[in-house]
Amino acid sequence: MTGPGRAGRPSRPAQPACAQLSGGLLAGYASGALDEATAWSVEAHVPGCAPCRTALAARLDGSRLERNKSVLLTRLALPRPGPVGRALRWCRVPDHVVTLLSATPALRRSWLAGVALVLAAAIGAAYLVAPDGLAGGPALAGPAVGGPATSGATLAAAAAVRAWVALMPYLAIAPLVPLIAVAAAFSARLDPAYELALAAPVSALWLLLVRATAVVAVTLVPTAVAALALPGPWWLASVLLLPALAVCAAALAAGTAVGPVTGAVGAGAAWLAVVTAATVAQRPAVAFGPAGQAAAAAVLLAAAAVLAVRRDRFESVRTRRAGP
Amino acid sequence: MTPDHTADLDDASLLRAVGRGDEQALARLYDRHAGWLLVRMQRRCASPDTVDQALQDTFLALWRHARRYRGQGEVSAFIWGIGIRRLIDAARADARPRRAEQASRDSRAAELVQSAEDEVLLGIEYGRLGPALTQLSPELRAAIQATVLDGLSMAEAARLLGVPEGTVKSRCHRARIQLREALT
Amino acid sequence: MSESVDIGCEPVIAARQLTRRYGGTLALDGVELTLGRGVTGLLGPNGAGKTTLLSILATVAAPDAGRLSVLGQDPADAGQRVEIRRRLGYLPQDLGFHRHFTVAAFLDYVAILKEITDPRRRHAEVARVLAQLDLAERAGQRIRTLSGGLRRRLGLAQALLGQPELLVLDEPVAGLDVEQRLRFRELISGLPGDPVVVLATHHADDVAAICSSVVVLLDGRVRFSGTPAELAGLAAGRVWRAAERQAGAELSWRTGDGQWRHIGHEPPPGAAVVPPTAEDGYLLLSGGAR
Numbered sequence: 007m008t009g010p011g012r013a014g015r016p017s018r019p020a021q022p023a024c025a026q027l028s029g030g031l032l033a034g035y036a037s038g039a040l041d042e043a044t045a046w047s048v049e050a051h052v053p054g055c056a057p058c059r060t061a062l063a064a065r066l067d068g069s070r071l072e073r074n075k076s077v078l079l080t081r082l083a084l085p086r087p088g089p090v091g092r093a094l095r096w097c098r099v100p101d102h103v104v105t106l107l108s109a110t111p112a113l114r115r116s117w118l119a120g121v122a123l124v125l126a127a128a129i130g131a132a133y134l135v136a137p138d139g140l141a142g143g144p145a146l147a148g149p150a151v152g153g154p155a156t157s158g159a160t161l162a163a164a165a166a167v168r169a170w171v172a173l174m175p176y177l178a179i180a181p182l183v184p185l186i187a188v189a190a191a192f193s194a195r196l197d198p199a200y201e202l203a204l205a206a207p208v209s210a211l212w213l214l215l216v217r218a219t220a221v222v223a224v225t226l227v228p229t230a231v232a233a234l235a236l237p238g239p240w241w242l243a244s245v246l247l248l249p250a251l252a253v254c255a256a257a258l259a260a261g262t263a264v265g266p267v268t269g270a271v272g273a274g275a276a277w278l279a280v281v282t283a284a285t286v287a288q289r290p291a292v293a294f295g296p297a298g299q300a301a302a303a304a305v306l307l308a309a310a311a312v313l314a315v316r317r318d319r320f321e322s323v324r325t326r327r328a329g330p
Numbered sequence: 058m059t060p061d062h063t064a065d066l067d068d069a070s071l072l073r074a075v076g077r078g079d080e081q082a083l084a085r086l087y088d089r090h091a092g093w094l095l096v097r098m099q100r101r102c103a104s105p106d107t108v109d110q111a112l113q114d115t116f117l118a119l120w121r122h123a124r125r126y127r128g129q130g131e132v133s134a135f136i137w138g139i140g141i142r143r144l145i146d147a148a149r150a151d152a153r154p155r156r157a158e159q160a161s162r163d164s165r166a167a168e169l170v171q172s173a174e175d176e177v178l179l180g181i182e183y184g185r186l187g188p189a190l191t192q193l194s195p196e197l198r199a200a201i202q203a204t205v206l207d208g209l210s211m212a213e214a215a216r217l218l219g220v221p222e223g224t225v226k227s228r229c230h231r232a233r234i235q236l237r238e239a240l241t
Numbered sequence: 008m009s010e011s012v013d014i015g016c017e018p019v020i021a022a023r024q025l026t027r028r029y030g031g032t033l034a035l036d037g038v039e040l041t042l043g044r045g046v047t048g049l050l051g052p053n054g055a056g057k058t059t060l061l062s063i064l065a066t067v068a069a070p071d072a073g074r075l076s077v078l079g080q081d082p083a084d085a086g087q088r089v090e091i092r093r094r095l096g097y098l099p100q101d102l103g104f105h106r107h108f109t110v111a112a113f114l115d116y117v118a119i120l121k122e123i124t125d126p127r128r129r130h131a132e133v134a135r136v137l138a139q140l141d142l143a144e145r146a147g148q149r150i151r152t153l154s155g156g157l158r159r160r161l162g163l164a165q166a167l168l169g170q171p172e173l174l175v176l177d178e179p180v181a182g183l184d185v186e187q188r189l190r191f192r193e194l195i196s197g198l199p200g201d202p203v204v205v206l207a208t209h210h211a212d213d214v215a216a217i218c219s220s221v222v223v224l225l226d227g228r229v230r231f232s233g234t235p236a237e238l239a240g241l242a243a244g245r246v247w248r249a250a251e252r253q254a255g256a257e258l259s260w261r262t263g264d265g266q267w268r269h270i271g272h273e274p275p276p277g278a279a280v281v282p283p284t285a286e287d288g289y290l291l292l293s294g295g296a297r
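Protein chains in written order, with the working numbering: chain A, 7 to 330; chain B, 58 to 241; chain C, 8 to 297.
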């Protein structure tokens with residue numbers, strides 16, 4: 007290949023020389039000193055010619071190439087996000103949030119297996135009580151099932167009672183599943199590197215919300231799917247969404263005063279108390295009907311407000327409890 | 058440190074080894090090719106940070122998609138096909154903070170549209186082409202460079218140059234006419 | 008007790024009357040401390056309060072009483088506490104790792120905790136500390152397969168992420184062999200950016216080798232604060248060697264060459280007195296409790 011400006015200089019010894027390009031041309035190409043057309047010629051030739059590649063690389067900033075190589079090898083060692091992570095990235099969720107979500111300690115297979123077991127138990131309990139399924143489903147709105155007694159109303163009332171008894175284990179437990187997951191995501195015992203998180207500038211509340219979101223999303227999905235397996239109406243899972251969120255939020259809000267685990271225990275106990283009271287009084291609508299949903303929404307908003315106001319307290323509670 | 062078994066392999070064998078998960082082979086490919094790749098990218102993109110990122114992305118893509126190389130053409134051309142597209146992606150990611158879809162780029166890495174005219178252009182001694190290229194206006198030269206030398210499709214060249222596809226086509230056409238006139 | 012302050016330099020850490028209780032135990036009892044630039048060693052036996060003090064300096068725990076200023080900020084105020092944490096690197100005594108993490112993934116996670124959100128900067132930073140601690144080849148290895156010494160190195164690596172101005176290291180060389188401890192000394196002496204380092208250790212010889220100032224903590228109180236030479240000076244004229252064990256010494260032990268080394272407040276007449284080391288001074292202070 008002849009190029010403009012090629013002098014008849016002998017090429018430099020030292021390595022298998024390429025007969026076509028002189029060292030001067032390569033140096034000019036590396037430094038950007040060549041004119042456009044000559045640079046193109048060199049550029050088209052070099053990639054396919056091993057001696058020229060080596061000679062060109064020798065003229066470059068070795069530390070820059072080394073630095074990029076070490077970052078490349080680091081990136082190779084990092085785990086690739088799974089399908090959920092890729093979906094989140096596609097939805098423009100920032101990369102560091104996705105990485106954090108994948109690292110959440112509570113999202114392990116053993117944990118999910120435990121969740122599946124609990125839900126299976128609740129479903130099994132439901133079928134024990136109502137093995138032939140339920141006709142008509144539980145009445146959520148309307149009068150208490152212990153209303154005025156007419157024969158038709160008594161039958162309907164009895165059916166409704168059976169429906170509630172069948173579904174009660176699931177309805178009581180389902181909001182607790184994400185609650186326990188949130189507390190677990192935050193328990194110092196389950197986060198082995200919690201001291202690092204404490205000593206880091208990242209906001210404790212933000213970290214909590216990211217983890218809680220991941221955990222709630224992951225546990226709500228099987229919980230909702232389990233509802234489909236129940237002998238009840240298909241919309242049953244939607245009834246639980248607000249109470250579940252309200253219970254988790256209340257736990258976190260209480261956590262600003264007493265720590266997340268204690269807050270979770272308290273919130274869970276309060277929920278069970280509400281459900282038990284509603285069952286005993288035979289007024290399930292209190293817990294799950296329109297009145298219940300409204301109450302749950304109110305609790306959710308109040309808890310969010312408390313969290314926002316007391317976010318610094320949340321973090322300092324953790325520092326108080328840290329010790330040798 | 059395991060003994061380096063990759064020193065004597067040719068590029069195609071190295072790439073096959075990369076496809077089998079051999080990290081040392083990738084490191085060896087990097088040692089051979091990162092230099093010219095860096096210079097070539099630098100000539101197209103002024104930001105060193107973007108070029109660094111694109112350089113890493115290229116070898117990362119090689120690591121993940123080494124098996125797409127099936128012996129068609131030189132390994133260096135395969136690498137450049139990936140590299141130029143990674144460079145475009147990195148430059149766009151810097152211009153607009155948004156993640157670009159990468160999968161479609163990699164799949165077209167081996168596609169080079171080569172018409173008979175392009176082969177003539179490439180086959181001609183660059184010595185005679187030199188002055189003719191210099192006489193082209195910058196936009197015509199950029200269009201020819203993107204489509205012929207870099208092997209981009211019309212759509213990709215349009216995205217790179219920031220002009221409509223039709224403009225790229227007409228510029229290439231005019232550039233070819235001018236070059237043909239200059240050479241005859 | 009002598010106060011040793013870098014003349015002309017602003018103290019990086021200033022503590023007044025720090026107190027901390029755990030249940031009935033008084034872990035820190037009115038600790039007064041002033042630390043400037045350079046490497047400071049914190050010496051003391053188990054239970055002396057080193058870990059408590061370091062966790063308070065690292066803003067992980069809060070004192071029950073007393074005033075503290077770290078890097079010019081007051082950790083009692085939430086906003087200033089975050090500012091300290093931005094410039095801090097902390098290695099706790101017992102660092103746990105998530106079971107499933109690889110070396111690189113763990114460092115990536117900590118970098119995110121340190122608010123390095125841009126992925127390019129983050130990966131470059133992880134690569135940098137991996138190279139600094141010689142862990143690059145193990146980047147893809149699972150942490151649970153690492154030995155104790157390697158895990159300690161990994162803990163040190165995460166502390167160095169982000170090039171912090173203040174490094175708080177609790178027993179950084181625990182479980183490391185002699186060669187690794189030497190490498191640690193080189194690393195600490197050559198950190199770019201000249202950060203302030205506070206490290207707690209049992210090994211007085213490490214302190215003598217790399218620390219410009221020493222603090223000895225006993226039973227929650229500061230019993231000495233000064234240079235390693237001054238610590239050694241406490242035992243001047245009180246260390247002697249003999250061919251056999253002798254009574255009248257507070258501490259005696261057999262050295263590697265078969266001779267006995269004695270430390271005591273009153274060497275017997277005619278004893279072969281030897282120049283003291285920092286360890287001798289420490290042993291004299293602590294009464295041999297290790």
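FYI, nobody ran anything at the bench for these hints, they're computed from the structure.
Quantities reported herein were computed from a predicted structural model and do not represent experimental measurements.
A couple of the hints might just be wrong.
[Stated by the list, open to error] Simulated crosslink set (SDA-like; lysine to any residue; CA at most 25 Å straight-line):
1. A/Lys75 / B/Glu238
2. A/Lys75 / B/His62
3. A/Lys75 / B/Arg125
[As the list claims (entries may be wrong)] From chain A, some residues computed to sit far from chain C (all C-beta separations above 12 Å):
4. Gly30
5. Ala45
6. Glu72
7. Val77
8. Pro85
9. Pro100
10. Asp101
11. Val103
12. Ala109
13. Ala178
14. Tyr200
15. Leu202
16. Ala203
17. Gly295
18. Val312
[To be verified] Chain C regions said to be covered by chain A (calculated; three or more residues, Cβ under 8 Å):
19. 65-77
20. 139-152
Glycine included, each C-beta is placed from N, C-alpha and C at the ideal position.
Against the structure, the hints:
Proposed proximity of A/Lys75 and B/Glu238 is contradicted: the alpha carbons are some 46 Å apart, above 25 Å. About 19 Å separates the Cα atoms of A/Lys75 and B/His62, which keeps this hinted pair within 25 Å; it holds. At most 25 Å may separate the alpha-carbon atoms for a hinted pair to count; A/Lys75 and B/Arg125 meet this at roughly 23 Å. With 12 Å as the threshold on Cβ separation, the claim that A/Gly30 sits away from chain C holds: the shortest Cβ distance comes to roughly 35 Å.
With a closest Cβ-Cβ approach of about 29 Å to chain C, A/Ala45 is found to remain outside the 12 Å limit, as its non-interface label requires. At roughly 9 Å from the closest C-beta of chain C, the C-beta of A/Glu72 falls inside 12 Å, breaking its exclusion from the interface. Remark: the non-interface label on A/Val77 conflicts with the geometry, its nearest Cβ contact in chain C lying 4 Å away (cut-off 12 Å). At roughly 5 Å from the closest C-beta of chain C, the C-beta of A/Pro85 falls inside 12 Å, breaking its exclusion from the interface.
Residue-level check failed: A/Pro100 sits 7 Å from the nearest beta carbon of chain C, not beyond 12 Å. Remark: the non-interface label on A/Asp101 conflicts with the geometry, its nearest Cβ contact in chain C lying 5 Å away (cut-off 12 Å). Distance check on A/Val103: its Cβ comes as close as 9 Å (rounded) to a Cβ of chain C, failing to clear the 12 Å threshold; non-interface status is violated. For A/Ala109, the shortest C-beta to C-beta distance to chain C comes to about 5 Å, within the 12 Å cut-off, and the non-interface label is violated.
Every Cβ of chain C is farther than 12 Å from the Cβ of A/Ala178; the closest lies at roughly 32 Å, confirming the non-interface assignment. Interface exclusion of A/Tyr200 from chain C breaks down, the closest Cβ pair being 8 Å apart, not more than 12 Å. Its closest Cβ contact with chain C, about 6 Å, brings A/Leu202 to no more than 12 Å, contrary to its assignment away from the interface. Consistency note on A/Ala203: stated as away from chain C, yet its beta-carbon is not over 12 Å from all of that chain's, at 6 Å minimum.
The beta carbon of A/Gly295 is kept farther than 12 Å from every beta carbon of chain C, the shortest such distance being approximately 42 Å. Even its closest Cβ contact with chain C, about 17 Å, leaves A/Val312 beyond 12 Å, as expected for a residue assigned away from the interface. Residues of the segment 65-77 of chain C with a Cβ under 8 Å from some Cβ of chain A number 5, which satisfies the need for three, so the listed coverage holds. Here the segment 139-152 of chain C counts 3 residues with a CB under 8 Å from a CB of chain A, which clears the bar of 3, and the coverage holds.
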